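> Protein sequence lines correspond, in order, to chains A and B. According to the UniProt record's numbering, the first sequence is numbered sequentially starting from 1. According to the UniProt record's numbering, the second sequence is numbered sequentially starting from 1.
There may be inaccurate statements among the hints.
What follows is a set of in silico ranges between Cβ atoms, one per label pair, in the way DEER data are often shown [what the hints assert, rightly or not]:
1) A/L75 / B/V188: 40 to 46 angstroms
2) B/S283 / A/Y148: 46 to 52 angstroms
3) B/P80 / A/T2: 50 to 56 angstroms
4) A/Y148 / B/K288: 43 to 49 angstroms
5) A/E273 / B/E341: 35 to 41 angstroms
6) A/A137 / B/G363: 23 to 29 angstroms
7) B/V366 / A/F289: 32 to 38 angstroms
8) A/T2 / B/K364: 37 to 43 angstroms
9) B/D172 / A/F91: 35 to 41 angstroms
10) A/A166 / B/A41: 56 to 62 angstroms
11) B/S283 / A/A155: 51 to 57 angstroms
12) B/D172 / A/G110: 55 to 61 angstroms
Everything labelled a hint here was simulated from the structure, so no lab data went into it. Just so you know, these numbers come straight off a predicted model, no measurement behind them. We put the CB at the ideal spot given by N, CA and C, even for glycine.
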Amino acid sequence: MTLDLVIQQLVNGLIVGSFYALIALGYSMVFGVIKLLNFAHGDIYMNGAFVGLIVFSFMGLWVGNGWFGVVCALLVSMLVVGLLGVVIERFAYRPMRNAPRLSILITALGASMVLNGTALALTGGRHFAFNTDLGFAGVDISTVHITYTQMLLVAASIALMAGMQAFVSRTMYGKAMRAVSIDMGASRLMGIDVDRVIALTFFMGSALAAGGGVMAGAYYGSVHFFMGFIMGLKAFTAAVIGGIGSVPGAMLGGLLLGLLEAYGSSLPFVGSEWRDVFVFGTLILFLVFKPTGLLGRSVVERV
Amino acid sequence: MVVSFKTLACATALAGLVMTTVAAAADIKIGIVAPMTGQLASEGQDMENAVKMAIDAANAKGGVNGDKIITTTADDACDPQQAVTAGSKLVSEGVTAIVGGYCSGAVLPTLKIYGDAGIPFVIIGANSTKLVSANQGNAFLANSTGDMQATTAVDLFKKNGYSKVAIIDEGDAYSSDLAKLTADAFKVAGGEVTARETTTAGEQDYSAVVTKVKASGADAVFWTAYHAGGALLTKQLRQAGFQGGMVLGDGNNSPEYLEIAGSAGEGVYLLSPPTVDLLSGASDFKAKYKEAYGRDAGAYAALSHDVGDLIVDAISRAKSADQKAIIEALKASDFKGIAGEIKFTDKNTLQTSNFRPVIAKGGKWVAVE
């Protein structure tokens, strides 16, 4: 591999990795607080992209297809889909909270299918164009062209994640979240409104996924009902690599996974058809040898 | 007695009348099998209309071998079970020949029924290679089978001077098969395949593959899978500064491709089956079709019309309605229609591929002149 190629794949890996990280963060937060693998998370990402597209197309009539429209779409979609996350938690997961772990896992699969099926029925399986006009200017590092859009995208996702980390570690609500994640019963006895904390966790996780969805839609220029499936699987893998339940772990896992994919498909004698084998092989290795991931703490099963 | 004589005369006259109707019923009956209901009903309607148009034209010229041709339509609904029912119905009606068939899955189980009955069957749309091996010798594929697309692709590469091509598929049976066939054919033709890549369906980021393809020094990229991935790939290749040619397999024949790829799609080649909008000589046919049926001719209308003409041509060359003679005549076909040339190989498939390259210009697919 020449140096240019190394740099180009680094850029590729960072961009796709920051999407993985954003989605992985929501997975991780929800798992941290109620020990649920929220399989509907990938579909929430897809819903975010659709809400963003609707807002963007509507706004486009007045403000055109530029940056302003994308930012508005991003904010509205994060709010709307964040609330959708709260609704899903309220009606699908809360009644199951004291049920066996397997039941709520199956409920999550059901929620995923409901979201996916609704999107399929409403869109008829069509692929929609998300035509933005964000310009193609940027900087050149030897033959590698990096657009401002790409830089901003990575910066925006890092900012979102840093904000989340600050929220969890610095604020009262963040403290309550951590407390609920350690011991839900004790938190309730200490006067923490557990339901509210859990709803907030879902809101934030879903809003991040929606943000990721809008950014991906605008960046790649296409939105369809199935886009959350692969993304959900990859984000789950990223969350496991980083240590599920850990906020910095999700970021690290996402970026590492993106780089692994980019460089993995450039290895000599190994074609891109092996890329998913790498990704999910890594997932299995982590689950077998280090299930707590890179930054996760070992969880002691409560009796 | 007089009365009874009259009755007798009447009866004789009636019998005579019946005899003449029977003689007229020696008309040649052609069965049309197509999806008339279900999701593909509109395609089926087109096939029926276009075949009938050809038959009507032949009847207007006095029929074939002095006989009139009549048609009967059976609905296979693109469903294997219903196709078997429809096929049995046509056989019991005693049709001379059958044309039609859109979905390979629905045509496949009927091949045995028509084969056992020895009825000549010209398949219009269905083009799975499975049909070739299941054919008992009486069926003919008037559409190119999927693998002939590879030949068209290699011809296009040579014509445009692409000597180094990167071939990308999506890992499913159809697209990886087409990629492999094209790679093999291109190597035989002296070309170089600089990269053979595979993407994951449903994924949005192709940057790793794009970087690899660019670094491989390819003159052109051939994408063998479907329009959703094709649009994203085209866009990302162009954004990464890839200047070479872009060729798409027939799975990309969708307006959504052009919508999503936007300006990146300009000048991209698509290998298309002979759909009526892309045939330069079809404008007359399109106008006549619209006048006759009050709607635009669909994708397979031109080919269906050709098959209608072809069967009339074969019957006239057979000089009888004998089914064995018609099959022999079909084998010897040398026919030129709106959609292209129809000549069969010894496996009853087309000798020359009817896929043709079209190019994206101004947000529309147009024929390459």
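> Each hint should be assessed against the structure and marked as holding or not.
Right, here's what the structure says about each hint:
no., hint, result
1, A/L75 / B/V188: 40 to 46 angstroms, "violated, 56 angstroms"
2, B/S283 / A/Y148: 46 to 52 angstroms, "holds, 48 angstroms"
3, B/P80 / A/T2: 50 to 56 angstroms, "holds, 54 angstroms"
4, A/Y148 / B/K288: 43 to 49 angstroms, "violated, 55 angstroms"
5, A/E273 / B/E341: 35 to 41 angstroms, "holds, 38 angstroms"
6, A/A137 / B/G363: 23 to 29 angstroms, "holds, 25 angstroms"
7, B/V366 / A/F289: 32 to 38 angstroms, "violated, 57 angstroms"
8, A/T2 / B/K364: 37 to 43 angstroms, "holds, 40 angstroms"
9, B/D172 / A/F91: 35 to 41 angstroms, "holds, 37 angstroms"
10, A/A166 / B/A41: 56 to 62 angstroms, "holds, 59 angstroms"
11, B/S283 / A/A155: 51 to 57 angstroms, "holds, 54 angstroms"
12, B/D172 / A/G110: 55 to 61 angstroms, "violated, 28 angstroms"
In summary, the structure is inconsistent with hints 1, 4, 7, 12 from the numbered list given earlier, while agreeing with the others.
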